[in-house]
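Asks: In the order they appear, the protein sequences are chains A and B.
Numbering follows our numbering, in which position 45 of the first sequence is assigned residue number 45; successive positions increment by one, without gaps.
Numbering follows our numbering, in which position 202 of the second sequence is assigned residue number 202; successive positions increment by one, without gaps.
Keep in mind that the hints were calculated from the coordinates and are not lab data.
Calculated pairs, BS3-like style, for lysine-lysine (alpha carbon to alpha carbon, straight line, at most 25 Å):
| hint | chain 1 | residue 1 | chain 2 | residue 2 |
| --- | --- | --- | --- | --- |
| 1 | A | LYS281 | B | LYS121 |
| 2 | A | LYS101 | B | LYS28 |
| 3 | A | LYS57 | A | LYS256 |
| 4 | A | LYS104 | B | LYS22 |
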Amino acid sequence: MSVKIKLSEQMMHIIFFISACVSILAVVLICYFIFVSGVPAILEITPKAFLGGTLWKPLEGFFGILPMIMGSIYVTTGGVIVGVPIGILCAIFMARFCPEKLYKILKPAIELLAGVPSIVYGFFGLVVLVPMMRNLFGGSGKGILTASVMLGIMILPTIIGVAESAIRAVPESYYEGALGLGATHERAVFFAVLPAAKSGVLAGVILGIGRVIGETMAVVMVAGNQPVLPNSIFGGVRTLTSNIVLEMGYASGLHKDALIATAVVLFVFILVINLSFSAIKNRGRN
Amino acid sequence: MEMVQSLNKTSFDKQNVQGINKQTFAQKMKAYKKQPLSLFLLGLVVISAVVTIGILAFVIGYIVLNGVSNLSTDLFAWEYTTENVSMLPALLNTLYMTGLTLLLAVPVGIFSAIYLVEYAKRGNWLVNIIRVTTETLQGIPSIVYGLFGYLMFCIGMNLGYTLFAGAITLAIMVLPVIMRTTEEALLAVPDSYREGSFGLGAGRLRTVFRIVLPSAMPGIIAGVILAIGRIVGETAALIFTAGTVATAATGLFDSTRTLAVHMYCLLSEGLYMEQAYATAVVLLVLVLGINALSSYVAKKFTKN
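Assemble the whole structure, with the sequences as input and the hints as a guide.
Replies: Structure follows, in structure tokens:
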């Protein structure tokens, strides 16, 4: 091997290695920039006043993000309540009940829908769901319920995709064994196959939760955005993500740092969700 | 003889033959009567499927039908004015943003996948860390990317709201998508290809670029197209990195708005609902078209 070739081999090896390290560098930089700007702000406001305060009036020096934390938790829970049962049942349909011809159309259609931009969902929510809720329940139409329905719809494709592949991964012998013991098709699917796919389905749900809690553009359109603790499911809420996107444009000083600190809280939520996602996925593999 | 004849007669009389494992509809209903729980579960599953498909079809149908009727040639004028909120500048900006982001993300994504699959030793601790970080990157919400981009590129590097700052931010965001799909495509290339290449005296680098990459190309292209879909549909990460100026960019350091950001601006101003309908359908068709192309490429070429 000539020296020239050897040199280029070495060079490219190093270039590949550096490229591989870019993702590590990116995570480190993201953590660094978010935490370095956010954590001092939390300390300055004091963690108790920041995380436990119910008053968000940045211009008067009140930086309590409890309403936003609760807002994120409310709409996430709502989205999960709306989206998960329908999503799992639909995944069961796709995996075990769907006629082959229909499946060939439905599967790519649902996969495609996972890619619909969130701003388009937000637009749909604003022009269809909000007026609908206003007519049904009165009020402004923007609030926890509307946001929950919106988010529930948004996570359907994600949950269906993951849950379906989990159900399909269950060995056929489980199903056949149940049939052999006299179970009907439905009983075999629900009581033998589905429990075996539990961890995969759960992973799909957690992936959905991660999606919902980080969702910004769709929620901002339909949740009402009032930074107060809501008193009913029709009340308007502001989530952690909306808080950032609404005020970042004009914030400065401690206000801006408090918004970055909001991102710190969001980031911690996401990290916890991601870790439990990988933990469940790995447990399912073993 | 007579018996054979009659046997032949019956076995050819196919219309009247019925498999004993096939149930007629009436038999199924009778069985369900004895099993109310099964009927209930069947009902649940079918209703959920119908509801899901109905809702998703309604979302798409509503946006397309209302959008198309609001489309007009005025919306594709070269200049953006407050009287005519043309989306053409935003479309051009989307094109620039996509091109620039891919320019940054694709080489890094493909090279790092090559490192992971072709160079790194199995069970290497670095590989494990890279896997964890790519998974983390995939889970980070786009608004956090936006804040990070704002802090690092716009403030830290003093770039301000620019096309370039937006593109780097998006490049980091789509990096895991490209990495993962490329990795999968590379892993799908049979080892015999590599062995054959080595056996003929090719070095590692030549094997990667001449043998492995060409065979993995369809998978990689599908991943890149998927990344384009993400870029085109992204809003939250761009508002605070590329800004919201509504004219077409003339250089790397101009503030721009892509089509998705344009849509957000129209909605938050609340004055241009008809134009927002039209923008929504263009954005939706664009993104769904790109995603469909991606899965078409992936399926078409993996069969051969």
